[in-house]
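Given chain H, work out where chain C should sit, using these hints.
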Amino acid sequence: MKGDFREKFGRGLVLGGAWTVLAFLILPMVVIFPVSVTDQYYLSMPKDGISLAHYAAFFTNEIWLSATAQSVIIATCSTIFAVILGSLCAIGCWRLSTGLSESVRTFMLIPIIVPTIVQALAMYRFWIDLGIIDTYVGVILAHTLVAIPYVIITVSASLANFDLRQEQAARSLGASMPQTIRWVIVPSILPGVLSGALFAFTISFDEIVMVLFITSRAIYTLPKRIWNGIEDHLDPTIAAVATMLIAVTLALLLLDLWTRHRRQQRLRAAAAEE
Amino acid sequence: MLASQRHTYWLLIVPAVLLMLVFYIYPLIQVLWISVTEPYFGLQNYEALLSRPLLHRIWLTTLRICAITTIITVTLGYLVAYAMARVGERQRTTMMFCILLTFWLSVLIRAFAWVMLLRNGGLINSALMGLGIIDGDLPLLRNEFAVIVGMVHFMMPLAVLPIYSNMSGIDGRYVSAARGLGASPWEAFWHIHLPLSKPGLIAATILVFVFSLGFFITPAILGGGKVVMISEYIQVSFEETLRWGQATMLASSLLFAVLLTLALVARFVDLKKVFGAR
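Taken in order, these protein sequences are the chains called H and C. Quick note, the numbering used here runs 46 ahead of the 1-based positions in the first sequence. Quick note, the numbering used here runs 153 ahead of the 1-based positions in the second sequence.
The following block holds chain C by itself, in its conformation from the complex:
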């Protein structure tokens, strides 16, 4: 390519990059900067992470919910993907359709639907009462159970899609060979199929965990102020107390947590592949 041609191709890239630098990266850096300069220069905002029990509790709640959500979602997602890779064309299309419909539907609408189902006097409670199984409302909303249900529901497509795309590339003859050599179905699965499907499994785990960490809408609606995860606490400390030092410190620490997770797993997997960029 001629040098002049190269210049013209760079011109195509420049507008988007400039926009991103000025209106996205600069504000992010500003957040990091405020977190160490407000009210005065130093790390005093970050000290609160160590010294304030409230923040310990919020971070612990966040990590616990993320871990539980990730384990449940990836396990169930693996089951769905495994079934999808084994059924006929027609049934597979229907299954994929369910996954894609969930994937594209507004997260707010899904959270709303769960409120309707889980609240006191809601559909599940009134159905159980109608059947005479319970006498009073079960506390299904505004607790960790509700948050985890909502999050698993949101994250499921993010787990199924990478696991399935990896599994559909596995040559079924490996498992057949193992069976032919006398392995039981379970042994063939455990020693042959599971290791082969590991890349998809890892990708799904990273995606679900990273997106759960910063999740806001579902926990805020289904937790109803009782289960506060880090994202919601950032919003609260911004909206109600206007403490910029604390809000930006929490936002920065959330960003660091995400980057740290990604840096740790980057040693083992190609992250660009995980996020669909390759």
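Same shape as in the complex, but just chain H:
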């Protein structure tokens, strides 16, 4: 069966190709780990044994620790602001759903398409006038602005599945609008809000281009530290930091998969009971 063979061969080729591409994606993350436990003082594979010296260097070095703390503070604050402003905006646009509110929603997505370098330049110029260069306020404001569109997208996606009549029922039973939002709308769009928050936090925690422009000495975030480390002397501590960041990303992703899995199981169980 010549055709049969060719079909199997084609299938093998596709699968092999796909896994090669995926290996290419994963490879860089896999090699960071052995380098992070090298016993050498420069970037290399371990030679005579493994060592946790580069992890110790991170946890005992004031510079790395304060950079991490600053990044966490900035990312937490910008996430809170972006989630509140973005969710309210998405709820407003969804409930009004007029041509105008639809245009407003599209307008709010502009930061997604504007190249980061252009934003960074623009903000630098304006932040000087405002006197918020190299301050927490300046960085948090910048990160909030670029995170808002992602919150709007994820929350809007959740709202698309939300039944408007629930909101109307709450209002006709005498709930005020803040009460309706707090007790009816927010709980049912929570998955969208959470994934918006995750987006916002990651965007802020990883952001480097704007930080390079709008900060100098006082604000030194983790990405800026890594950036300088790569430019200067390729310190193996970066490999340790990178490994820890990969571990955190991996843990969050597994948690997300697990909660999705649980939710699906619950839905299936509920459907079976009915």
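For the record, the hints were derived by calculation from the structure and aren't laboratory data. Please note that a few of the clues may not be correct.
Here are some chain C residues pointing at chain H (derived, C-beta under 10 angstroms) [to be verified]:
| no. | residue |
| --- | --- |
| 1 | Tyr179 |
| 2 | Ala234 |
| 3 | Met237 |
| 4 | Arg239 |
| 5 | Val240 |
| 6 | Thr246 |
| 7 | Ile262 |
| 8 | Arg272 |
| 9 | Leu284 |
| 10 | His306 |
| 11 | Ile374 |
Here are the computed lysine-lysine pairs in the DSSO-like style, where the Cα-Cα straight-line distance is at most 30 angstroms [unchecked claim]:
| no. | chain 1 | residue 1 | chain 2 | residue 2 |
| --- | --- | --- | --- | --- |
| 12 | C | Lys351 | H | Lys54 |
| 13 | C | Lys426 | C | Lys351 |
| 14 | H | Lys270 | C | Lys379 |
| 15 | C | Lys426 | C | Lys379 |
Anything over 12 angstroms on all C-beta distances counts as not near chain H; from chain C, calculated [what the hints assert, rightly or not]:
| no. | residue |
| --- | --- |
| 16 | Ala220 |
| 17 | Gly289 |
| 18 | Asn319 |
| 19 | Met382 |
All C-beta atoms, glycine included, are put in the ideal place defined by N, C-alpha and C.
Okay, now just chain C, sitting in the frame of chain H:
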């Protein structure tokens, strides 16, 4: 809805919109404005785009790298999505996991990993030397090859996700029908499956090309100052020469290039869908 209710819902929207107008749109307009007023009013900054060979070269490098990155990423992304749509549940979850992990991981960390792999005396070079395949270091870093490797790596999830989401909605019976009517596997793919998967393919191409145009971190790190794309040159002319007229002109022209690309494709596709807003 009552008029008063409408007002309260508008109140929810206003804070975010005001913030965006004052702290985002106004600074952008200021950049456009400076580009035609510094050092004096007129288009003289933009004339440099036509008259200065250095700027020609940088724009050409940028467009070339973007085009190559887009072609490679979309082709390989299509292959991955195609495989994902055909394998079993378990294998698909693993594949998706690899894609999502890459998607969420810090871009800086990924660029760092590639530096480690590609540099002189780095992991790839020392492995090849250890195997006796090469005698000296291959020049893998600080060139277009490195930049393209890094960019393809960064953009891959942006290509796979839209192509896969479109493909998983294609009814497999069309292809089966074509096969039943005597088409070879290749003919069935080429005449039936490929046209059906075109929307995902177009979305992926737009996303990858547009994000590549303004890309900064990966080219700056892996190009190591040897391969200068437009974003990096904006940073250089801002940081080292402080020439605001030129920096803002380049930033404006980059913004126009992105908007022009989007305007061209908007005639054929629903852009809001491409960017996940619908």
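Violations among the numbered hints, reported as their numbers in ascending order: The structure breaks hints 9, 15, 19; every other hint is satisfied.
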